Structures are given as C-alpha cells and as structure tokens.
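Going down the list, the sequences are from chains A and B. So the first sequence is numbered by numbering that gives the first Met the number 0: it starts at 0 and just counts up by one. So the second sequence is numbered by numbering that gives the first Met the number 0: it starts at 0 and just counts up by one.
Simulated from the structure, these hints should not be mistaken for lab results. Treat the hints loosely; a few may be bogus.
The list makes no distinction among identical chains, and a pair is therefore deemed to hold if it is satisfied within one copy or across any two copies.
Said to hold, decoys possible - When the alpha-carbon atoms are kept at most 20 angstroms apart in a straight line, the in silico EDC-like pairs for lysine to aspartate or glutamate are as follows:
#1 K622 / D653
#2 K624 / D572
#3 K624 / E569
#4 K627 / E569
#5 K633 / D586
#6 K622 / E569
#7 K620 / E569
#8 K627 / D572
#9 K115 / E239
#10 K620 / D586
#11 K296 / E193
#12 K627 / D587
Only a predicted model underlies this, so the values are computations on that prediction, with no experimental measurement involved.
There are 2 protein chains.
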Amino acid sequence: MADKKQPKQNDLGVPEAVETPSVSDSSHVSGAPSKKLNPDLTVNEIKRGVRPGDVYVRMRQTGNRFFRRVGPGHFIATPESNRPEGTVERTYRAIKKILIGRPLETAEEIHQRLSKFKALAVFGSDAISSSAYATEASLVILMVAGNAALGISLFTALAVAVMLSIIAFSYRQTVFTYPHGGGSYNVSRENLGEMPGLVAGASLLIDYILTVAVSIVAGSAAVTSALIASGYGDQIQYLESLLPHFLNINVILSLGFIGLMTLANLRGLQESGTIFAVVTYTFIFGLSITLIVGIFKLFTGTLQPAAPPPILAVTEPLTILLILRAFSAGAVAMSGVEAISNGVPAFQKPEPKNAATTLIVMATLLGAFFLGVTYLASHMGLVPSEETIISQMARAVYGTSLPYYIFQLATTGILIVAANTAFAGFPRLASVLARDDYMPHQFSFRGDRLAFSTGIGALGGIASILVLVFQGEVDSLIHLYAIGVLLAFSLSNSGMVIHWLKSKEANWKTSIIINGIGASLSIITLIIVTITKFALGAWIVIVLIPIIVSFFLYNHHHYSRVRQQLRIIEGQDFPSRIEQLVVVPIDDLNYASLRAIAFARTISRDAVILHIGTNEEHAEKIKNKVQKYAPDMKLVIVDSPWRAFVRPLLAYVDAVHSQYPSAFVTIVLPEFITARWWDGFLHNRSAARLREAFVRHPNVAVVLVPYLLEN
Amino acid sequence: MADKKQPKQNDLGVPEAVETPSVSDSSHVSGAPSKKLNPDLTVNEIKRGVRPGDVYVRMRQTGNRFFRRVGPGHFIATPESNRPEGTVERTYRAIKKILIGRPLETAEEIHQRLSKFKALAVFGSDAISSSAYATEASLVILMVAGNAALGISLFTALAVAVMLSIIAFSYRQTVFTYPHGGGSYNVSRENLGEMPGLVAGASLLIDYILTVAVSIVAGSAAVTSALIASGYGDQIQYLESLLPHFLNINVILSLGFIGLMTLANLRGLQESGTIFAVVTYTFIFGLSITLIVGIFKLFTGTLQPAAPPPILAVTEPLTILLILRAFSAGAVAMSGVEAISNGVPAFQKPEPKNAATTLIVMATLLGAFFLGVTYLASHMGLVPSEETIISQMARAVYGTSLPYYIFQLATTGILIVAANTAFAGFPRLASVLARDDYMPHQFSFRGDRLAFSTGIGALGGIASILVLVFQGEVDSLIHLYAIGVLLAFSLSNSGMVIHWLKSKEANWKTSIIINGIGASLSIITLIIVTITKFALGAWIVIVLIPIIVSFFLYNHHHYSRVRQQLRIIEGQDFPSRIEQLVVVPIDDLNYASLRAIAFARTISRDAVILHIGTNEEHAEKIKNKVQKYAPDMKLVIVDSPWRAFVRPLLAYVDAVHSQYPSAFVTIVLPEFITARWWDGFLHNRSAARLREAFVRHPNVAVVLVPYLLEN
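With the rest of the complex left out, here is chain A:
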C-alpha cells in the first residue's frame, strides 16, 4: 500500500479526485458512472422534491457547517452535526428535550458542582427523610406486646442515635482520607481486597434500589394518610375495588413517582438539586416546627391525639428478642449516611471540608428528628395504623388544617426526594464498577445530559418491579433494608482501620479508635439484624449478594479476557491485508446486480457471481446475460431442489472454507432502497435474512450495496 504513490488528500481524508476507471474489454461497460447509478440524495430529500443540484450547492455554500477545523485532520463537531434528521427523529428529540432537557457538552460538566446547601438536599435527603418512617418501623414491632411496650421505642431510638453519631464521625474521617470519593466499595477494595470491595459494592447497589422503593412507597403512604385523615377512606377503598388485584392506590402512586424521578435524574444533577432543595428544606422546617410546637404543647398539657389510640391486644411478651428486633427496625434510620462520602467529588471546593461539614449537619438533624418524633409518639401513646405516625402527630399539633396539609405534602416531597440520593448514588457507583470492569461498560457512558443514563434507567426499572412485587408495603421492604447498609458500614470502617494501620498518618491512633468503634458497632448491629430479621426477608439480601458478586466477577473476567486478546503485542505478527473471495449471489442480472458486481470487481480480484436457482431455463438465461454484460466474471450455478436460498449459500461458503480454511469470504448483495418504506414489504427480504445467517461466522462479511428505487 504505502509504497504506492498516495493521491493528494484534503483534510477530511478524501482524495482530491475520486477516479472511476473503466473496464476496457467490454463495449457495454463504460467508465463514466451514469447519473442513475450514483444517487447522492437521501431518500427523504428525494421525497421532499430536492433536486441533486440543489444539494450540492447548499452543501458547498455552507461548507464545514458540521465541523470546525482545529488542526490538520482534526475537527470538532458543531451543534449542526448533532441536528436530528427526519420527522421521527425530530419528534423524538423534541419530546426528549422537553422531558430531559437540551444535550450538554462534556465541557459543561465542571459547572455541575454542588454547594453545601444544595448538597444537603441532594445527598442528605435520604438520611433525613428516614425520620418519617423509622419510628414507625420500631413501633410496629413493639405493638404486639401491647400499648405499654411502645414506650420502649424511646430507648431503642436512643441506641440508634448513638450508633448514628459514631458512624457519622467515622465517615467524616473517610471523607478527608478519600477526597475523590470514599464510598464503601473504594475503601474496602483498597484496604481489604477485591472480594470485600465487591461485597460492599453489591450491598450498596441493593440498598440504593431499596432506598428508592422504600422512600417512594412511604411518600405515597403519606399522600394516602392525608386523604384518609380528610375522610376519603371509603372512596379509596372503592377505587381499589375497581383495580386489578395486583394494583392499589399506593402502588400506582409509587410507580408514577418513580417515573418522574427517573426523568428528573436523566435531566442531570444540577437542576434536580435546585428543585429538591426546596422540598428538603420545607420538610426540615416543617418537622422542626411540629416537634417544637408539639413538645411545647406536651409540657403545657394541651396536646391531644386527633383520635384516641386503640387499645392493643398483647399477643407476645416483651422479650429481649423483641426489643432487639425493634432496634433493628429503627436502624433503618441510618441508611443514606454513606451517601456523602460517596459523593465528595460533586462538592464545591474544598470538597472534603464541605462534605464533612454537610455530613455532620445531616447527622445532627437526623438524630434530633428521630429522637424527637419517637419521644412525642411514645408520650402521646400513638399506635401505627393506616395513618402514619407523623401524620397523627401533625394532626395533634395543627388539627386537620392547612399547616397539616402543607406538612404532609412536605413529608411526601422529602420521601420522594430521598429516592434521589439513590438516583445520584446508584448510577455513580455502577459507573465506577463499570470502569473497573465489574459492571457492563454501558453503565459508564454519560447521556446527553451528562447523567449515567443506563444506571438511572436500570434503577428506576428494578425499583418499579420491587414496588409491584411487594405490593407497595413499606414494612416488608424495610426488612430487606438494614443488612446492606450495615454490611457496607462494617466493611468501610474495617477498611479504614486497616488504612490507618498501614499509613500511620498524623493522629492515626485516634482515628483507629473512632473507626474501630464504628466497625465494631456496625458488625454487632449487623449480627443482631441478621438474626432477628433473617426469616422476615433478610435472607433474600444474603442470597442476592453472592449472586451479584459473581456477576461482577464474570464481567471482570470477560472484559479482561477480551482486553488480553485485543492487545497488540510488540513484535507479534498481524495481517496488513485481508485478501478475500467475493461472492455476488444474484437472482437475475439487472442494474442493481450490475452495481453489486461492479462493487465486487472493485474490491477484489477474486469475485464470483453465484446463482442459486430452481429453474434450469432461468439459469441458462443468466449464463447468457453474464457472458454479455460481465464477461470478466466467473459464474457458478447451484441448483437448489428445495427452493432454499440461504442454506445452500451457507453450504457454498463452507465448501470454500473446506478447501481454503483461511479464506475470507465477502458476500456482496444488492439491496433495494424503496422510496416509501412500506414498499419494502413488496420485496423479498433475502438480503437481511442472509446477513442474519452469517452474523456469527468469523470470516464472512456481508455487504449490502444500496440501490435506490425511484418512486
């Protein structure tokens, strides 16, 4: 190749003159391509009545509108090059723009950093929102032991709060040590090894999915509670009687919310940050007021539940196991604490400092809320029912008045926003895993809006399935929850302990103590939760984790094998040319097949016309036509007594390979492009079928040479 004189080329890589040499030995074959055979318009342009001349002029005038030249052979695509073509695509893009927003350039990414204020909403909403359901989760366990046992919840809540503060402090250390993202996966993998890292990764992925399902279902429950409180209970029951049995109001609301969340996140982080901050701070403000007013009224003795709490039948004694189980249920409040340490790089500079501050603020708020709600609930003697605990509490404080509805709305809001933590975290973690070859690489591609579209879509889809399968029941989902959170905490904190032991940085001894306590407490809680919740659903998570880890390892194995096979080894041979046998299967000799033959003749010295037919006479005719119009080509005729076409062609290629095992066979077929797409149905789709048939043949390529049919 290179020893030939290179024709002069311009920057687009196109030679200055595209030659069209002619075959000299046939009087019927001439050099100049006829206008007919060089259509240069897209079918749509022809349909719009554009004449060939118009397009050349238009294109030449606008010149490099698609590309801006930045150097020899180096261009940057302009927005024009990303312009949609055709009605279908234009419509699709328009809808996508409304739902997802305009495409963002990669260079716009740097502006997408979060202030502490917004970061608390984006990364903290999950943790803070758990104050809306964690108390309830404990009370549901305790209520089997009668009304008196509900008071115990205050002690389990205190235990959780202590645990929470220790975990928050130990994560604070992680944030400073891993400013580029110190998720449990990173920390465990680096300090404990591949397998603990993958276990942490799997736990977190499961938890992100559960976060979405639990938060959205709880958010929907807040809407339903407000409706029941307003006396619409009967109407809801009637509506539900109309629905198929696998759908209820909660499930429908939840699926709708998940859909909206998915769209919001496909739009990208920055804008969702703004929207979600409003909701999160409304909830924080609302719950603070409720607790302050509530506790004030409690002390002044003016706080009365809207409805007197029911008397509970004692069905089980108050055992240690029951108390531990209530503690396990309350531990759900801790979920989401690791979100900030995962998201450090999304903070404004200085990232670690801002992240650490946000973490402490978040933990403080969460602890105060959880304790406050539990304190009020136990002193008012509230009992979990169709209406949520905090709805009962808010009604006691405000009555069924406007402030109550605003607060209820804010509760719904933050629970939905909480799902956003997962929508930020899951795709990010999946992309990190994909970059490390543990997840399919699609998870590492950013969409038009710089969001990891595949991860966002996968999360939305799996969470929707969970909501459907668990019928929108928060309680059954929460049982699956805490295991993953605590497993991640344990691994991450243990990893930090190893880190300090190895690095011996300043203050490493203090740090070891903090992370050591964190690790020990996490492990103890993990054991308690696993034992007390195993039969209630925790076993599902314990089964899932090894499956997911195996999936990670399978992917990693595949990608590394591929990488190894594709790597160019210094000094090893590789072919510079692939000489090929070109086969042109024809049914008749016409302009379309002559075009395919011209293509075949151009790309190889060894081209064969192959006629697979059922009719002797027809074959004879083709023989004569080939002799007349393509006398330089070798013709092979195969009679196919079963009228099959694809199978004999496969057999022909096999026969070629049986003689020349290393031959590369290129099959060149004419393909009709009809002016109207539905006309395509009037033509036998043998070209497409043929391509399918050879799709897994390692040394066969199929080329369809387009032939534009006029209208």
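Let chain A serve as the given structure and place chain B on it in line with the hints.
Here is chain B on its own, set in the frame of chain A:
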C-alpha cells in the same frame, strides 16, 4: 480488471491460491496471517470443542458432500446442504418436520395430482358442507313472521337449487374451455379486461376468507350443539363466565380449528386430501342416511322432534322483501361451486373431463341435501335455536344415541374440511395474482412442502381475526358472504359469454345460452342480495372490494416501475467499477481494529481511519498508535462534545458528499463475535446501531468485519 491475468480457478470459483501479500514498509506488519486472526470454525464448533485441524480433515474427506457437480461451474445442492446447524435450528426443523412434514423437492410436485374421489373431498367439501347451515340461514330470516312462515323456506330452497344447477352447468363449460385453471379471475380478466378481472379476484379472496371463518364457526357450533343436546348447557355457561368477555367456547374452538387447518395445509395438498376424504364421505353417508330414515319416518308418522318447537311471536309481516331476504340467505349454499373450475390443473389426467364429472356430482349432492334438509325441517316445524337445525333433525331421527354423536362429529368434520377448499383456493389465487404482479411476490414462493406458505399463513391469520371480531357468530358473517360469491359468478359467466362470442367454437350458440342464463341469474340474485343485505353487513364487502383492487393496482404499478428501472437497456452505460472512500471508525487501536484496517486497505486505495472521541488525551494516544502500526493510513480525528458517535459519523459522510457528490462511502467496522451470545450484551452495540443509521443512504455501505473472541 479483465486485462489482468486471471488467476487459475477451480470449479467452485475459488482461485487456486489465496495470496496474502504484506505491507513492506512496516516492521510490525508481516505477511503471514497469524492463526489467531484467521479463525475458521463457527462459534458453535469452537464451543463443542472442535479443533481447527479436525474440521479441515473432515471437510476435505467428505469433499463435495454439499454439492454434486453437473458441469463446469454448475452444481446441484445435496440434502446435506439443507442440513440444519446449531441446536436452535435443529429443534425448529424437528418441530416443523413433525407439524409440516419433510421438505419436498420441486421435482416431486407431479405426484401431487388428485383423483376424482379425493378431489370431491378437497374441492367439493365447501359446497356440500353448506347444507349444514344454509337451511338455517333462511329460517332465521323467516322466523320473525311466526311458525307458519317457516314453510316458505321450501320454496326459497327450490329457487336456490334451480339457480345452483344452472351455475353448475355454466361452470362445466368453463372447466372445458380453461383446462389450466378457469377461475373467475382468469376468465374475467381475459374476456372482460383488467378491472373486471381484479374485481373478481378481490371478491374471491374475500370469499375464501369468509368460507374459512363461516365453516369453522359453524363446525364449532356443531360441537357446542352436541354438548347442549347432552345436557352440558349449564357447564358451558359457567365456563364462559370465566373467560374474558371477548372469548367464548365457540371462538376458542374456532381459533383452535383454524390453527390445525393452517398446519395441515402447510403440509401440502396430497396428505390433506387423504384425511379430508374420510371426513367428507362420512358426512355424505351420514346425512344421506339421516334424510332417508327421516323422510321414511315422516311418511310413517313416527318422526317427532326431540323437543317440541317453541311458539314464535310474529314481529314482522311476511312480505316479499322478507322472502327475498330468506332466498338471499339460502344463496349461501352456492358458495364454493367455483372451487373446482379454479383447481382443474390439480386433477389427474384428463383434467377437464375429471373436473367436469366431479363438478356435476358435487352439485347434485349439494342440491339434494339442501332440499332434503329444508323439506324435513319445514315438515317437522323446526325452529333455529342454540341447537342447530340439523342437530335437531338428527336427534329426532336417532334420539340422543351413538349414531347422533357420530353424525354430529361428521358435521363438524366436514365444516372444518370445507375450510380446506379455501385453504387450497386462496393461496393458489394469491400466487396467480402475485405472478401477475398484483399481490406481493412472497405469495408466489412455495415453501418446503410445495405449498404457498405465505398465502396459507395470511388466510389463517385474517380468518382468525374475523372470528374474534365477529365473536364466532355465523349469522353476522353470512351476511358478508353471498355478495362476493355472486359477483364472481356474474363476472365469470359474463366473461364466458364474451368468450363464445369471440371464439365462435363448436356449439357456441348453445354455450352462450347456458352461460348467458347463468350470468343473468347471477346478476339478478346479486342485485337482490345487495339490496336486502346491504344494511346487515354487505356494505362492508362493497367497501372492501375497491380497496383491495386499489391494493392490487398499487402493487402492479410498483413492480412494473421497479422492473423498468432495473432493466438493462441495450447500449446504455453502467459503471463497471465503484471506486470508494473507505472509512474505518475506531475507538481504540487493537487487533480487532487492525483487522478492520487491513480489510479497508485491501479493498480501496482511499481508506481513512476516523476517530470520533470525547477525550483529547485518548485521541493523542490513538494518533501515536496509528503512526506506529498503520503508518500508511490517513487519520482523521473528530471531537464530539455531545459524546454522540453515530450522528457525527453521518455528518462526516454528508461532508464528504458535499465535496464529492458521487463518492461511494464504505464504512468498515470491527464487530465482536462473542463465544457466548449473552456476552454480546457486555459490548456496546455501536456496530449494529451504525448499520441502522445508514440503512437508507443510497451510496453508503456498512461492512462489519467479524472478530471472533475466544471464550
């Protein structure tokens, strides 16, 4: 091309030695292809653990097992070449063989001729079977005028029988005049012109579809009647209450039967002839006995209906219109008479004589049965109800005993077999229309078993939809029926009149009288039926016919335009070579992309490597790699700020075309073939997406160069 010395080639068209020249200017590029880069096994073979060497040996030893050589460059495919490959295809073929039978060679067709005995079953079952529902169709109309009016049915039946005999005699003439198939389409088109021919064709296609729907629904009704007669009415109602509202027992039975019929016909004519003959003759025998015994008992005064007929309320007076309407309904008995004249070539020799005899036997049987059933029914005072008339009649004759059940079974059988007339006729007519370019050409291809598979499938599909839409109600479907039959009769007989006028063959005057009476009666009846049934559904057929004719004309126009565009015009230029710009889009430079580059280098002097990327550093790396491993290639780098890949490539091709409008662009891409199909999901499917994007570009071809990944 041809002025170069041709390398010596063997008969398969493969050159004796496939050379693999090397690029001389690069030390990293060597001539001998590495074993790695010339995989010669299919993926399945590799999975089965076959070593490359084994296959070469096996293939060489078996030699031309796929093809038998019959001359230079001329082969016949052996059964071995039709052998399925891979588990999926083998399973599919095995199932197909059980359901459809082994593939037949084209040469086996001659054995598929029918004897008169079998032909009566195959072509006559439709006509004969109408005796099972035609009487009922009349009675349903008359019953609004009370029990006394039912006696009128005998006179309308007589009118239909007279009409039938005239039509039979006029078709007898057609059979002798058109021994190669004298369907209404042929006769009308030849004598009256294209449009009448197409109208006749459209009418017949509609009627074939209705025949299937009506016969199968009536057959299912016979099963249901037998069940009701045996006292299973309540159980049927209970079962139906469990079904979705658009399904009832009749619909489900009908759909099942249509499915079986479709399969039987895909197997081919001969075998269905054998099965169907048994059923048809059982029915003929059974109905004959029923009528003889019934009339004997009637005269001896021992015939009593199983249940006394209900007293009908008189809701309408007995007007001429009502009687005409009853006649129109009874005219449904004439459907299927034209089947024999369509199918003359399927008879054993001498075809016309055998066909004519069969036609007369068939018409005699049908007339006798129709009159007999109507006679008995009116003398017994039977009234149409949930149970069919002939079921009531058979119960009166036999009681609810074994002979009754056998007769009922035979009725079901012949009604289902009647649908076979349509399954023989519809695909045959569609194939004739396809050969004349009026139907999509797919309808003219014969399947493995020599049957016109597309037509059979289309008929089964449309009939099923009809059954679903009309909820398995025979009466509503029958309203649509007679118009098409009579339209075809009218056109065919008018065509014959013109034929005799033109040809003036022996006895042309007598013939004109016969066909003239046939034509006049058909036209009169057509007018009566159209008027009396217009509002009841006949309008649907009247609307459909022009739509179908337009469809025929559209197809014809398309195919003739294509033919005209593709025809090689003596002396007109056509290109002998297509010089092309080859573009190799790469994401990274590895073995797979080097293989694509080698392919590109081989097929064109003008090949460009195109990197569309988002990362400057990565682009720089690729630049260096290209300089090292493919220094003879031109590299173009396009930055894609929106991370898009397909769109900038489209824009690049547009830019090339804006400079060189006639350039043919070939895009060469490496494509991974993974050892396990599911591993394909781990790779970005950009190759397939790219091919989609360029699928309607008239001067762009996309070549995927396969690269086999090892397990």
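We went through each hint and held it up to the structure:
1. K622 / D653: neither (24 angstroms within a copy, 39 angstroms between copies)
2. K624 / D572: between (44 angstroms within a copy, 16 angstroms between copies)
3. K624 / E569: between (51 angstroms within a copy, 12 angstroms between copies)
4. K627 / E569: between (51 angstroms within a copy, 11 angstroms between copies)
5. K633 / D586: within (15 angstroms within a copy, 38 angstroms between copies)
6. K622 / E569: between (51 angstroms within a copy, 17 angstroms between copies)
7. K620 / E569: between (55 angstroms within a copy, 16 angstroms between copies)
8. K627 / D572: between (44 angstroms within a copy, 14 angstroms between copies)
9. K115 / E239: For K115 and E239, neither the intra-copy (43 angstroms) nor the inter-copy (65 angstroms) Cα distance is at most 20 angstroms.
10. K620 / D586: Within one copy, since 11 angstroms is at most 20 angstroms while 48 angstroms is not.
11. K296 / E193: neither (55 angstroms within a copy, 94 angstroms between copies)
12. K627 / D587: Only inside one copy: K627 and D587 sit 13 angstroms apart there, 46 angstroms across copies, limit 20 angstroms.
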